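Chemist: As you go down the protein sequences, you meet chains A and B in turn. Residue 1 is where the first sequence starts when you use UniProt numbering, and the numbers rise one by one after that. Residue 1 is where the second sequence starts when you use UniProt numbering, and the numbers rise one by one after that.
None of these hints come from the bench; they were simulated from the model. The structure displayed is predicted, hence computed values, not measured ones. Among the hints, a few may not be true.
Capping the alpha-carbon separation at 20 Å, the derived lysine to aspartate or glutamate pairs in EDC-like fashion look like this [what the hints assert, rightly or not]:
#, chain 1, residue 1, chain 2, residue 2
1, A, 449, B, 272
2, B, 216, A, 454
3, B, 275, A, 343
4, B, 278, A, 454
5, A, 453, B, 453
6, A, 453, B, 406
7, B, 278, A, 455
8, B, 228, B, 51
9, B, 121, A, 455
10, B, 132, A, 252
11, B, 121, A, 343
12, B, 139, A, 254
13, A, 465, B, 152
14, B, 121, A, 454
15, B, 343, B, 241
16, B, 121, A, 457
17, A, 480, B, 272
18, A, 453, B, 178
19, A, 453, B, 51
20, B, 276, A, 295
21, A, 381, B, 406
Covered stretches of chain B, as calculated for chain A (at least 3 residues, CB under 8 Å) [what the hints assert, rightly or not]:
#, segment
22, 154-165
23, 179-187
The C-beta atom is built at its ideal place from N, Cα and C for all residues, glycine as well.
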Amino acid sequence: MDEWKPNPAVKPHKKRSWYLAWKYKLMNQRALRKLCQTGAVLFLLVTVIVNIKLILDTRRAAYEEEEESAQDYDDEMLNVEVPRHPVNNKKVLDVEVYSSRSKVYVAVDGTTVLEDEAREQGRGIHVIVLNQATGHVMAKRVFDTYSPHEDEAMVLFLNMVARGRILIFTIKDEGSFHLKETAKNVLKSLGSQVAPFLSWRDMWTFVGKKGGEVYGEKHAKSPALSTWGDPVLLKTEVHLTSVEDAECHWPDTELNRRRKRFCSKVEGYGSVCSCKDPTPIEFNPDPLRDNKVFDVPVAVIAGNRPNYLYRMLRSLLSAQGVNPQMITVFIDGYYEEPMDVVELFGLSGIQHTPISIKNARVSQHYKASLTATFNLFPDAKFAVVLEEDLDISVDFFSFLSQSIHLLEEDESLYCISAWNDQGYEHTAEDPSLLYRVETMPGLGWVLRKSLYKDELEPKWPTPEKLWDWDMWMRMPEQRKGRECIIPDISRSYHFGIVGLNMNGYFHEAYFKKHKFNTVPNVQLKNVESLRKDNYETEIHRLLGEAEVLDHSKNPCEDSFVPDTEGRVYVMFIRMEQEADFTTWTQLAKCLHIWDLDVRGNHKGLWRLFRKKNHFLVVGVPASPYSSKKPSSVTPIYMEPPAKEEGAVAVPAVAAAEQT
Amino acid sequence: MQKINRNVVLALLSLTSLIFLLFQLCYYKFYLSQKNGATFSKVRGSQSGQDSIRWHVVRKFLGLISSHNIPVYLIDPLILGLVDKDIEQIRNSPGGPSPECKYFCAPRDFTTFALLDKTWKHEVGLFRTAEKMGFQWLKIINKDPRLDGMDDLSGMEIPLHYIFKLASHAIHLVVFYERSGNFLWHGPLRLKQHMDRKFVPFQKLHFGRYPGAYEKPELLLVSIDDLKVQIPKNPSSFLEEVSNSRFLECRYREARAFFQLYPDDASLDSVEFRKKAKSLLHLAALTLNNLGVKFWLSSGTCLGWYRQCNVIPHSKDVDLGIFIRDYKADIIPAFKNAGLPLKHKFGKVEDSLELSFQGEDDVKLDIFFFYEEDDHIWNGGTQAKSGKKFKYLFPKFTLCWTEFVELKVHVPCETLQYVEANYGPEWKVPVKVWDWKSSPFNVQDNGVWPIDEWDNVIQIY
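Based on the provided sequences and hints, a complete structural model is requested.
Modeler: Following this line, the structure appears as structure tokens:
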């Protein structure tokens with residue numbers, strides 16, 4: 001290319017000099033052009049190479065980064081977040097409500113939110129509360145208004161529901177027999193035309209907004225006393241409002257965010273969701289000085305009774321010396337609402353897939369909860385075990401703080417319990433007094449880790465054994481003669497009236513009148529005397545000072561104990577051997593204390609209060625304290641009544657609930 | 001005219017390409033500096049802006065956490081490495097102003113701190129303040145391993161790592177949890193689908209590739225580079241721990257599946273044996289740890305951990321492995337003092353050493369010593385009555401921590417290969433009849449001890 005070659009296209013006949021000049025000029029220019037051309041080509045080539053290198057480098061770097069993070073830092077499982085409810089931007093909800101003798105159902109936008117066709121169950125008025133902005137179900141209740149007082153509960157509930165919520169009513173079987181005027185008026189004020197005239201075995205469905213419009217109502221009269229009204233099916237549309245309208249405008253704090261999340265999901269918790277004056281969800285009780293149980297984990301065993309759990313956690317978080325960080329709520333099952341309650345209070349909650357059935361399910365839940373507690377708090381030497389249907393006394397932790405060292409040091413102790421089985425309004429008096437008892441009361445108690453890890457956990461009843469965990473713990477193979485420390489006045493109160501082994505009648509008879517300490521900062525008396533040997537000295541001292549009651553009188557009569565205060569009395573009952581509780585059971589019955597099995601005894605001795613006097617009962621001759629009996633006194637013997645009807649079946653069930 | 005036009009076009013083309021090239025070069029350089037800022041400033045060598053940025057970010061972060069009363073401590077391997085060199089001086093210095101920024105300005109992408117979970121209250125306020133101070137933050141949460149071993153419990157996910165980013169520097173805050181077995185655990189760092197993979201160069205983090213197990217550290221408050229910060233009292237031993245901290249979780253899910261197939265033996269005998277085996281293992285671990293001898297779960301005990309996360313009730317003894325290079329003559333007296341007399345001793349330090357100690361009620365503790373070859377590891381066995389030698393071959397392995405019967409112990413990281421070598425592909429099927437001379441998958445005859453050595457290599461007490 002460098003060589004110049006004559007161009008055959010150029011005419012050779014032109015004037016030579018001009019031609020040459022032109023030729024040279026041309027040659028120079030060409031050379032220059034050539035140079036430029038080559039330069040440009042080189043530049044372009046370099047650019048292209050640099051470009052390609054850059055692209056390759058960038059891509060490789062990006063790829064490596066991706067690759068590496070993909071290999072090491074990606075979650076193995078695809079964690080696609082599944083929303084708890086389908087996102088629904090629709091402004092109108094289709095609601096279907098069905099009421100009949102044997103079946104009710106409610107469907108919202110084609111999704112069944114209530115269906116009950118079980119026999120002999122679910123009688124009465126079913127109420128469903130929907131969020132007016134999202135259409136989510138916020139509460140589901142059934143009030144058996146065929147039975148007395150249920151209508152009052154319904155009124156209470158309806159009053160707690162916030163204005164603007166959508167209410168759906170439907171009757172299953174019968175819902176009018178005990179539906180009183182007040183309740184009918186409340187329904188009427190919600191916009192129901194039919195409610196005031198609801199009568200025997202009518203079928204009824206109603207959809208309306210609290211304090212607002214009515215979306216539909218249907219009613220079928222019962223033609224005769226012996227027959228039911230025809231099934232009714234109400235189909236209607238509900239217009240949703242905007243989210244802002246459905247929420248309260250509390251100041252934006254962390255607490256209120258929790259509150260907001262809670263209140264937009266569930267209903268029926270009253271003033272906690274009140275827009276104007278919401279009740280606090282943080283309590284900041286006074287700390288305890290020298291709190292020995294600040295680092296003790298607290299396991300709250302819960303099922304699906306979110307209203308109970310709410311009440312329980314309120315009282316627990318208000319107790320002095322509570323440490324919310326140590327609290328874990330264990331929920332037996334994948335229930336959302338109890339978890340919502342736990343989150344409302346900012347606590348941690350753990351759900352447990354149910355294993356087995358009935359008592360065995362509870363028992364497996366207990367085991368899992370206790371194991372998890374000691375896993376989560378590997379440093380803990382103890383765990384406090386509570387249940388969701390307990391009120392916790394304001395000095396619960398103060399009581400434990402003063403007594404826990406005994407559990408650590410005294411090998412002969414099995415537990416510390418906040419519950420005195422025999423501590424009723426009329427039999428408990430002294431908040432500073434503690435006892436040692438051979439039975440394990442449960443209902444708010446402290447478990448030693450070594451006891452659980454070394455003895456209980458490995459042998460815990462397996463799921464196929466339908467045992468109660470507490471009954472099992474009370475068996476001699478487990479208890480091995482060890483005792484529990486209890487207070488005279490209980491530091492917990494058992495308020496649950498629905499439960500596995502529980503009903504209203506039973507609760508009224510055995511739990512309602514239980515004494516519950518409300519005095520803060522009680523200084524416990526003579527804690528050291530609770531140690532094994534010291535306690536014997538203490539009992540002997542007490543018996544030495546006690547006045548022997550008149551054994552000719554009837555111990556059931558009030559006059560058996562003189563009208564004094566602050567004295568110590570002793571009575572002797574017949575108790576042939578260690579397991580002979582015939583007379584004790586009769587005495588317990590007439591004193592209206594726990595008589596379904598034997599509780600609260602220590603070596604054949606029971607301690608309680610009567611008419612504000614300390615009252616000791618000694619079983620003779622089985623008790624080692626029998627020697628204190630004056631020879632003149634004949635132990636009282638009380639005959640069990642001839643087999644009563646029905647009385648046999650109750651204790652087995654009842655005893656199980658007393659946990 | 002045409003020619004001149006062409007020239008112009010060419011010139012223009014060249015110019016464009018030149019400009020383009022310059023642009024490319026600039027971009028390339030910018031890209032590189034963005035990617036390896038640290039490297040570049042290192043090349044430049046001086047205490048440049050980059051360096052003081054790191055110090056400023058650390059100072060801001062320390063201010064943030066102290067304003068919320070959160071006790072963190074420094075675990076950054078790079079800085080602790082530097083600190084360790086001057087540890088005496090740092091310990092003794094009263095904390096006056098230091099002339100140069102020696103530690104916190106060192107080139108790096110991250111500064112790593114640790115936080116003990118139980119010492120703070122998960123306040124949301126911290127993050128709001130952080131945002132106000134200009135930090136961007138990322139929280140990595142995952143399942144709580146302390147509940148993993150439990151049947152069907154599902155708790156809330158727990159925070160494992162936090163990353164606070166400010167300008168070109170990031171703080172990596174590792175959350176440590178207490179585990180049964182009296183040790184601290186941190187989780188792996190795994191990004192979920194929706195997370196920003198480019199938030200920081202994750203692969204450069206010192207912590208998080210694997211979960212880790214650590215002793216509870218003793219802390220020391222020091223002042224370095226004019227910043228007050230807690231560090232592990234003994235940085236060099238902590239750094240040693242870092243390099244050997246990898247933790248393996250027991251395979252709880254597989255263990256549950258195993259128990260579905262072969263229900264657990266819940267008899268009183270088996271409960272009793274497990275209890276004894278557990279306390280024997282605790283005692284052995286205590287004794288060996290006091291001597292500073294590294295050991296791992298071997299044979300049946302390892303199989304029990306790997307297959308069922310528990311002691312195999314019909315195994316009747318506890319098996320440990322120790323590398324022969326870690327052998328110490330005080331092992332036998334130490335066990336004797338701990339209440340475990342020597343039952344028999346086979347082999348010698350140079351060949352096939354094996355020790356057995358008598359635990360309580362017939363539960364035996366077997367310690368096998370492992371010999372490392374170029375491509376495999378082996379331990380030996382000896383039949384007392386015939387003097388026959390056996391050899392058990394294993395592929396090479398490294399050691400990881402795990403939690404077993406409330407104890408932090410070592411197991412081979414490559415557990416499957418280890419167990420398969422020992423028990424063959426059928427290791428998942430429980431075998432109750434076991435002969436140590438013929439049952440193992442990896443047993444080989446290894447000749448006979450010369451008769452004149454018997455007194456030494458076969459000792460039975």
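Chemist: It remains to establish, for every hint, whether it holds in the given structure.
Modeler: Hint check:
Restraint check: the Cα-Cα separation between residue 449 (chain A) and residue 272 (chain B) comes to about 18 Å, which is no more than 20 Å; the hinted pair holds. Our distance criterion of 20 Å between C-alpha atoms is broken by residue 216 (chain B) and residue 454 (chain A), whose separation comes to about 25 Å. Straight-line distance between C-alpha atoms of residue 275 (chain B) and residue 343 (chain A) comes to about 38 Å, which puts the hinted pair past the 20 Å bound. Between residue 278 (chain B) and residue 454 (chain A), the direct Cα distance comes to roughly 10 Å. Compliance with the 20 Å bound is thereby established for this hinted pair.
Straight-line distance between C-alpha atoms of residue 453 (chain A) and residue 453 (chain B) comes to about 47 Å, which puts the hinted pair past the 20 Å bound. Taking the CA atoms of residue 453 (chain A) and residue 406 (chain B), the gap is about 10 Å. The hint holds against a cut of 20 Å. Restraint check for residue 278 (chain B) and residue 455 (chain A): the C-alpha separation of about 13 Å stays at or below 20 Å, so the hint holds. This hinted pair checks out: residue 228 (chain B) and residue 51 (chain B) have alpha carbons roughly 19 Å apart, not beyond 20 Å.
With a C-alpha separation of about 33 Å, the suggested pairing of residue 121 (chain B) with residue 455 (chain A) is violated against the 20 Å cut-off. Distance check on the hinted pair: residue 132 (chain B) and residue 252 (chain A) sit about 17 Å apart at the alpha-carbon level, within 20 Å; holds. Annotation: proposed proximity of residue 121 (chain B) to residue 343 (chain A) holds, straight-line Cα distance about 15 Å (limit 20 Å). Taking the CA atoms of residue 139 (chain B) and residue 254 (chain A), the gap is about 18 Å. The hint holds against a cut of 20 Å.
Between residue 465 (chain A) and residue 152 (chain B), the direct Cα distance comes to roughly 19 Å. Compliance with the 20 Å bound is thereby established for this hinted pair. Between the alpha carbons of residue 121 (chain B) and residue 454 (chain A) the distance comes to roughly 32 Å, so the proposed pair goes past 20 Å and is violated. Simply put, residue 343 (chain B) and residue 241 (chain B) have alpha-carbon atoms about 34 Å apart, too far for the 20 Å limit, and the pair is violated. About 30 Å separates the Cα atoms of residue 121 (chain B) and residue 457 (chain A), which puts this hinted pair outside 20 Å; it is violated.
Taking the CA atoms of residue 480 (chain A) and residue 272 (chain B), the gap is about 17 Å. The hint holds against a cut of 20 Å. Our distance criterion of 20 Å between C-alpha atoms is met by residue 453 (chain A) and residue 178 (chain B), whose separation comes to about 18 Å. Restraint check for residue 453 (chain A) and residue 51 (chain B): the C-alpha separation of about 53 Å exceeds 20 Å, so the hint is violated. Proximity of residue 276 (chain B) to residue 295 (chain A) is assessed by CA-CA distance (about 30 Å); at most 20 Å being required, the pair is judged violated.
Simply put, residue 381 (chain A) and residue 406 (chain B) have alpha-carbon atoms about 14 Å apart, close enough for the 20 Å limit, and the pair holds. Proximity of the segment 154-165 of chain B to chain A, defined as three or more residues with a beta carbon under 8 Å from a beta carbon of that chain, is established by the 3 residues found. Residues of the segment 179-187 of chain B lying with their CB closer than 8 Å to a CB of chain A number 4, which satisfies the three-residue condition for coverage.
Violated hints, listed in ascending order, are 2, 3, 5, 9, 14, 15, 16, 19, 20; each of the other numbered hints is respected by the structure.
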